[in-house]
Amino acid sequence: MTILQMRGRARAGASGHLWGASRLTYAALAATAVLSVFPIYWMFVVATRSSDAMGQVPPPVTPGGNFPANLDRLLGNADAHFMTGMLNSAIVAGAVTVSVVFFSSLAGFAFAKLRFRGRNALLLVIIATMMVPTQLGVIPLYMLMSELNWNDHLQAVIIPFLVTGFGVFMMRQYASQAVSNELIEAARIDGCSTLRIYWNVVLPALRPAAAVLGLLTFMTTWNDFLWPYAVLNDPENPTVQLSLRALSNGYYQDMSQIFTGTAIATLPLLLVFIVFGRQIIGGIMEGAVKA
Amino acid sequence: MSLHLEVGPPREGSRAGSGPARQHGRPDRSPRAWLSRFDLLLSPYFYIAPFFVLFAIFGAYPLGYTLWVSLHDWDLLAEEQPFVGLDNYTRLLGDADFWNSVVNTLGIFALSTVPQLLLALWLAHLLNRRLRARTLFRMGVLIPNITSTAAVAIVFGQLFSREFGMINWLLDLVGVDGIDWKASKLTAWIAVSTMVDWRWTGYNALIFLAAMQAIPRDLYEAAAIDGARQARQFWSITVPLLKPTIIFCVIVSTIGGLQLFTEPLLFNSGTNPIRGGPMRESQTMTMYMFENAFAPNFNFGYGSAVAWMLFALIVVVALINVLIIRRLGNDPGGRQ
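Line by line, the protein sequences are chains X and P.
Residue 86 in my numbering sits at position 86 of the first sequence; the count goes up by one each step and never skips.
Residue 15 in my numbering sits at position 15 of the second sequence; the count goes up by one each step and never skips.
Just so you know, the hints here were simulated from the structure itself, not pulled from any lab data.
Don't take every hint at face value.
What the hints assert, rightly or not - Computed cross-link-like contacts, SDA-like style, restricted to lysine to any residue with a CA-CA straight-line distance of at most 25 Å:
| no. | chain 1 | residue 1 | chain 2 | residue 2 |
| --- | --- | --- | --- | --- |
| 1 | P | LYS243 | P | LEU118 |
| 2 | P | LYS243 | X | VAL132 |
| 3 | P | LYS243 | X | PRO133 |
| 4 | P | LYS185 | X | GLN253 |
| 5 | P | LYS243 | P | LEU111 |
| 6 | P | LYS185 | P | PRO296 |
| 7 | P | LYS243 | X | THR129 |
| 8 | P | LYS185 | X | ARG119 |
| 9 | P | LYS185 | X | LEU226 |
| 10 | P | LYS185 | P | TRP122 |
| 11 | P | LYS243 | P | ILE325 |
| 12 | P | LYS243 | X | MET130 |
| 13 | P | LYS185 | P | ILE325 |
| 14 | P | LYS243 | X | GLY287 |
| 15 | P | LYS243 | X | ILE127 |
| 16 | P | LYS243 | X | TRP19 |
| 17 | P | LYS243 | X | VAL125 |
| 18 | P | LYS243 | X | GLN173 |
| 19 | P | LYS243 | X | MET131 |
| 20 | P | LYS243 | X | ILE284 |
| 21 | P | LYS243 | P | ARG232 |
| 22 | P | LYS185 | P | GLY270 |
| 23 | P | LYS243 | X | PRO235 |
| 24 | P | LYS243 | P | VAL114 |
| 25 | P | LYS243 | P | PRO296 |
| 26 | P | LYS243 | P | PRO216 |
| 27 | P | LYS185 | X | ASN249 |
Claimed, not checked - Some chain X residues judged to face chain P by a derived CB distance under 8 Å, without partners named:
| no. | residue |
| --- | --- |
| 28 | TRP19 |
| 29 | GLN135 |
| 30 | GLN241 |
| 31 | SER248 |
Where is the CB? At the ideal position from N, CA and C, for every residue including glycine.
Chain P with its partners taken away, still in its complex shape (with noise of 0.2 Å):
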């Protein structure tokens, strides 16, 4: 890399920039020193101080200060937010309501994060291979994840709806009738999940195969050569050596997933979305933190405290996840 260092005029601010500070090695008490001592030592942390700024006041605080809130009858409209210690905590669960909306958001997080992971690891696998046309195939896999998840969920809703969802007439072509998949939970959860699969698989295939490409080449020739078949060689060598990057993605997918918000709320446009249904067939929990939080509740207190139940319950399906993963993985490496 040839890259000639011009001295231009001085874009930036005018007190980084103003000259050359010279520096001969001699403690200079000069002005010009000082300014340059301080862009030794302290400028790197004005450079990295907008991260740290900005997440303490739009996500820390807010994150903190919603457990806050939770013990508090913290209506909108009312006058003074009394505190109420553990309350909210003690009426949630005995919320009928709000049970059904974690079995639902713990329903659709199954239905989708299991075969998407499945799947995206068999793409990846497919992927890395030696094709024709690689890059046309990754976009291929990769373009669902571009659209929007409003724009998915309004393509979906329509491809999944009763009368004439496109869905529904394959199945007709093959002699089972419409289904109203609205209607019951499972099928609600079973078009959300494709949804979210849809959106998400192809990019977690990337993922798989950036670290498939890192394995080295000499394991797999070992193992041809001690006579193991692909099979066994995807089984023994890919999928234990890919464990640690299957645990990140689980543990992604789980905070993404276990927050879905967007694909339920449009899928049940016009029938009273954010209750994700007349019989809240597919509303999820933070869907049941916004029906609390803001219209038509307005109860931040409550709303919190939905919150924060989701916050524990990300932590502990994260590490069963992440226990059965470990456990798994560790099968095929105990065998040999």
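Okay, chain X solo, but in the shape it has when bound (with noise of 0.2 Å):
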């Protein structure tokens, strides 16, 4: 039982205090619901239609059968290297997000638990960081990769961003009241390392904001456009955003195909979002009241 889920309890114990809600409450939010998700049902829509359904009018609200068409020129496109974005994106983003949750976790565990001078000023200068439109930076920065041969390589769009200040933050928040100071000095007396109660101790009881955090961390990175639109500049090493614009950027526009390109780059992240969108949701409210 998390700290998140007790908290929830506690609210729904108390929500006999809330404002009720109308019908009208449902109807706008119903209608909210139906905005939001209408752009991605209808993504899917046109990756199962033919290039021709969207001259049709009215415009098809329907799936059809041309997905496995569709999907045949997608894979077959010159230009777009679909299947090498896709295979990038997933290389990029995981390794980003192990190591986010693995530094994140470990420095927040140092912020929220160990005693060491500077503690607190060196906390305020992480979160002024948060602060800093750092990709105002891109020119040196891509001058740097070309300094380091990186340009076009995968590790320019990972090494970059292997720990946040951002995630650092909120393990820092979580860690400082989900692990006590007892198990943590128990465990030294026990003849515990510090890493060792790193590992044993604290990153389980950090288990379910690391997890939100990791889930944050990967979407996040394989929606990632402009660093490696920047800086990955070899047509045939994308991620699979830069595949998209390179389907979107031709001439000639085959909306179906684009729209199966699309619809396959969200997929992952739309699964994730229905398995875990109750825990997504619970870290980016956590986040905010303590931010």
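Put the complex together from the two separate chains, hints included.
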């Protein structure tokens, strides 16, 4: 049982004081949900139709049976390198996620539970870095990558993102409430080194927050566009977002093929969201109250 | 919580886990005691070091070095990069295309952020009720946020297309002639803003909702006893207490919104994308930075000057926004 879930229970118990929901509330929320879901749904509709479906009046709103043919054209597209893109994105997002979760939880544990000089000042620095628009440093970063000969290689979009200020802060907040000091002291008396305490005591307790951080990191990395666009100029070695861009940038636009690409590129995140939506929402809201 | 401490085989590096370092309270000069003191006093710095090292190399250094590059005539292909002082900045101030990108950036920012945050506030207010299928509705508003900006821009680019776009078809149903959304500034701004709003409104709504749930219920009960209706409660209790969160969201939206890049770039796919359309209808400042620093111009110095102007603009706009919100928020409180 996580603190997150317990809070949810407490809130549900107190909901007797909440304002009731009228039919109008439900209608407005349902309309919002439809507007939110429709573009995604429509993406899948077009992905299963033939190209001339785009010209139909009224536009089609139900799936068709043309998905295999669209997929064939997509995979055969010489500009998009779609499979390479999917594979690259999986590698990049996977590597960044594992690393962010490991280093963020390690640093978060240090900030929450270890005593060292300058702790609070350094934590403030981390919070401040979250407000710095580092994206504006893209030109020297590009020069640095050229210097290292990393241009067009995946490490250029992996290494700079191996640990984030957001991750450290989030894990610090969670660790300070989810791990008891007594437990750490007990482990120390038993002769555990700090690293052993992290691995055997702290990390298991951080698992719920680490999972949410991992999900959020994976999504952000999978969806990232600007930096890969700047540094991965070799069209044969794209991330999936760059494949989508290459698909949509042609002079002749085969919409059902392009939408097949966007649909497949969105599908992994959609599945993750359907399975772990509750945890992701909890993580976002929990982070908001702290910030 | 019952966590049994099992000392298994060390899974980490041998330095830390080679065996329990025993302390008996007496100063001990053995290597093992030294190790344990090191572990207590210094090891925390090693745990937090990765972030600072990475941020220094790939975050702070490039951003600072941008300023240095912007003071040079730094052409990718040239042999030398002569120092030119503020030359790039003076050129920028007289560059009509640059000012066009500033106007576009601010226009799209205003068109997207204001409705987005107001809508988010209203949505959060709706979600903060006794609801059936609570999680389902929350997932419903958040789902746009999981789609990539590239996918959003492609799908909305199609929805807004002149010939076969669904939005023009809907407009046609109510008797409005089809609009060529890419053809004029205002319509292009609206289209791009719609993409941004679709992706971010629900996310902000959840942030507001979290803050609303942290407001103590007795405040509302007291207000209800005093005869305050729901609308009055919302404006006199909810909004003022949400002020820190609203300021947070405004700052985050400012930082993100003014750096807008992907949506307008892909919205203009096929029609000179990096210029934001044939007449630069929706070219933002980040796009102008890219146009100058990378293909086709490859002038790092000029592009870096754009980057620093954008940085300055972000700081100024964020400060102005915070001042406005502070003032707005104070009003209802003052009337009480």
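Checklist entry - Hint by hint, which ones does this structure get wrong, listed from lowest number up? => result 8, 10, 13, 23, 25
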